[in-house]
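Single-letter residue listing:
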Amino acid sequence: MAILDDISAFLQKGKAKEVKELVQLALDQGLPAKSILEDGLMAGMSIIGGKFKRNEVFVPEVLIAARAMNAGTALLKPALAAGGVQARGKVVIGTVKGDLHDIGKNLVRMMFEGKGLEVVDLGVDVGADKFVAALREHQPQILALSALLTTTMNEMKTVIDEVDKAGLRSAVKIMIGGAPITEGFRAAVGADSYTPDAAAAADAAVALLQKAS
Amino acid sequence: MKYAKLAIESARELEFGFAPRPVTTSHGLAIGSGAVHPELKFTLPPITINASSMPEILEQYEGIARGALERAVHLGQRCLVLEFETLLEMTMESAIGLRILDLLLEACEEFRAKEGLLVEVRLTPNDARDFERPPRLRSSRWLEPMFELFEKGALAGAELLSIESTGGKEVHDEAIMFCDVQAAAFALTVLGVRDVHFLWARIVEVARRTGRLAGGDTACGFANTAMMLAEKRFIPTVFAAVDRAISAVRTLPAYEEGAVGPDKDCGYEGPFMKAIAGIPISMEGKSAACAHMSRVGNISAACADLWSNECVQNIKLLSGMAPTVCFEQLVYDTRLMNTAIARGSAAELQRLFVESDKYTDPQALVLAPESVFEISKAIVGAPSYVAAGRAAGLKALELIEEACASGRLALDEREVEYAARIGDELAAIPEDEGEFIEMMLPRIDTKACLLEEYGIGSA
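Those protein sequences? They're chains P and Y, same order as listed. Add 525 to a position in the first sequence, counting from 1, and you land on the number used in our numbering. Add 1 to a position in the second sequence, counting from 1, and you land on the number used in our numbering.
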């Protein structure tokens, strides 16, 4: 439909105001919220995400598109809830205790949001207890951990052990990332996924969710 | 701004191994007086820092120092610097940092006495204030432990004092992700400048009181983050190049407060500091690929006085432990530069460093001595830090656009579009700090950035 194509096009340009106006218009016209979300907003994000992966756009374009998507999604939320439509999945994300680096984690968060995932961002310097509490409160399908230092990466193991001790390990897939992290480290600490960059992390999250469903 | 003119008359005076205002350490290591020396930096392999791991951590640091010192003797490298940049736990609990420092100093003293090495330790407490969110730059509970480490470390024998300060980073991080050059300039020339003044007045005072050298700062958390994002193609290289030029204004107040150099290795704005303040500088490039990739591996050596590897984990490689391996690479790099100086070929070697990188990337272009000279002139000719940042950014853009117009630098269409946008946004920045603050206030998240911690809005 033309209006959904227009939503997608304006979203790709990061035009939040126009996206909001068109989403409202689409709702007024009686289009299903699920269709506006999937065929308008997420379709646009998928195109911009693809361009980013092919080095055709930079991160700022992705981020402003994500902002536009959030603006549109906020309008859709009541209708989505009323129709029983849920987010594609939920992620709790944070940088582990003792580590203050958050640019990489923020990029991953925004890439997740661009894939239509609901993200609970716990910030930086997050202890294992806070991760466990957040898992209990938000019940996400994915826990994403970030670390940039060789002296904090082992904290990921602590978090995974605590999640296990809390009896929550089978309910959540754990993704890890950061400069010193490797596939070998992932295997050693018992995480489910390691990806080297933000775009790959978003794809991996979607793949994990599809596998789980 | 203190500096109204440059410390040099022409770009030709920007040389490696020579600084207009060289320094000599208390043990007699001359820096910027006609030679380039290696500076080794290192960190721990994957390990958690706690009481039970302390014996292993101490052993690691001592092994790193002794490995490098023994290699120095073997290679006949008399002059060197070891940088000890603390990790969070070592600053928050300064006794840990001091214990490690003591081990390094003991090893250095032994090799001074036994082997006649001219070796010094640079102490760089990490900026623990960044541990709190929002950061409380002036009232942080981590400020005093940090200065305790500076003070006691200097008294223990750390000859060079440095820091990678973080004031303004909370705004700059988001600015670079959105390529918002006005917010980046605000972070660097208002917030950063104010914080660098605040910190360095005190660091210089510690150095003077203890008879040490107040080395210098680095915009690593700022322009190097932009460099890393550009390297991953997350942001345009032209933005990173402009951010680099503006970052020089942020670091300059350290020298206005009395820091004498050498500045910190990861401060790629060092050449601008040499041009303006005349200080000797530490630089890193191709031999820092163990820590991060870059597009400026050769050109960054063009006016280095210390040459560093940035950082390497203490892990085993085929030939030996990684810090020892890095040290050997630095020795050969600096030996080549010093041989060039000795035989009068330094200008030619510098030309090779510059020409091999200059037109491969805008970030390299702005580090060419002739670009550094022009951008530095723009900085000292400005009436305020904000105006200096704007002028530095616009001059960097002008040089990039000239290089593109001449066909020597190739930028893709997306980069060209960004260059135009960055230029327009820079030109719209007012010269007056008060006006700039007024302009930016509606865009600053005052919950994430506490302006009073920069002395803004307070009496």
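In case anyone wonders, no lab produced these hints; they're calculated from the structure. Fair warning: there could be bad hints in the mix.
[Said to hold, decoys possible] Result set (DSSO-like, lysine-lysine): computed pairs, CA atoms no more than 30 Å apart in a straight line:
#1 Y/287 / P/615
#2 Y/448 / P/622
#3 P/538 / Y/233
#4 Y/378 / P/622
#5 P/578 / Y/287
#6 Y/153 / P/655
#7 Y/448 / P/615
#8 P/615 / P/578
#9 P/542 / P/602
#10 Y/233 / P/622
#11 Y/448 / P/540
#12 Y/153 / P/578
#13 P/602 / Y/448
#14 P/622 / Y/317
#15 Y/287 / Y/378
#16 Y/153 / P/538
#17 Y/448 / P/545
#18 Y/233 / P/576
#19 P/682 / Y/233
#20 Y/153 / P/542
#21 Y/287 / P/540
#22 P/682 / Y/378
#23 P/655 / P/690
[Said to hold, decoys possible] Sample of chain P residues facing chain Y (criterion: CB under 8 Å; computed from the structure):
#24 580
#25 623
#26 625
#27 628
#28 649
#29 652
#30 675
#31 676
#32 678
#33 679
#34 705
These numbers were taken from a predicted model, which means no experiment stands behind them. Built from N, CA and C at the ideal position, the CB exists for glycine as well.
Practice task
For the pair supplied as a hint, residue 153 of chain Y and residue 655 of chain P, confirm whether the alpha-carbon distance does not exceed 30 Å.
Solution key: violated, 36 Å
Handout entry: residue 622 of chain P paired with residue 317 of chain Y [C-alpha distance capped at 30 Å]
Key = holds, 27 Å
Problem - 30 Å Cα cutoff - pair residue 287 of chain Y, residue 378 of chain Y - result: holds, 28 Å
Exercise for the section: Under 8 Å, Cβ to Cβ, is where residue 649 of chain P needs to be relative to chain Y, so tell me if that hint holds or is violated. Expected result: holds, 7 Å
Practice task
Have a go at the residue 675 of chain P hint: is there a Cβ in chain Y nearer than 8 Å to its own Cβ?
Solution key: Where the cut-off is 8 Å and the nearest Cβ of chain Y is about 5 Å from residue 675 of chain P, the hint holds.
Problem - Hint check: 8 Å Cβ-Cβ cutoff, residue 678 of chain P to chain Y - result: holds, 6 Å
Problem - Proposed proximity, residue 602 of chain P with residue 542 of chain P (alpha carbon, max 30 Å) - result: holds, 17 Å
Handout entry: Satisfaction of hint between residue 378 of chain Y and residue 682 of chain P, Cα-Cα up to 30 Å
Key = Given pair residue 682 of chain P, residue 378 of chain Y is violated - Cα atoms ~52 Å apart, limit 30 Å.
Handout entry: Pair hint residue 287 of chain Y and residue 540 of chain P, alpha-carbon separation not exceeding 30 Å
Key = With a Cα-Cα distance of about 41 Å, the restraint between residue 287 of chain Y and residue 540 of chain P is violated, given a limit of 30 Å.
Exercise for the section: Sort out whether residue 622 of chain P lies within 30 Å of residue 378 of chain Y, counting only the CA atoms. Expected result: Since the Cα atoms of residue 378 of chain Y and residue 622 of chain P sit roughly 44 Å apart, the hinted pair is violated (cutoff 30 Å).
Practice task
For the pair supplied as a hint, residue 448 of chain Y and residue 540 of chain P, confirm whether the alpha-carbon distance does not exceed 30 Å.
Solution key: Status holds; Cα separation ~26 Å.
Exercise for the section: Below or equal to 30 Å on CA atoms is what counts here, so check residue 153 of chain Y against residue 578 of chain P. Expected result: violated, 50 Å
Comparing the model with each earlier hint shows violations of hints 1, 4, 6, 12, 16, 20, 21, 22, 29; every other hint is respected.
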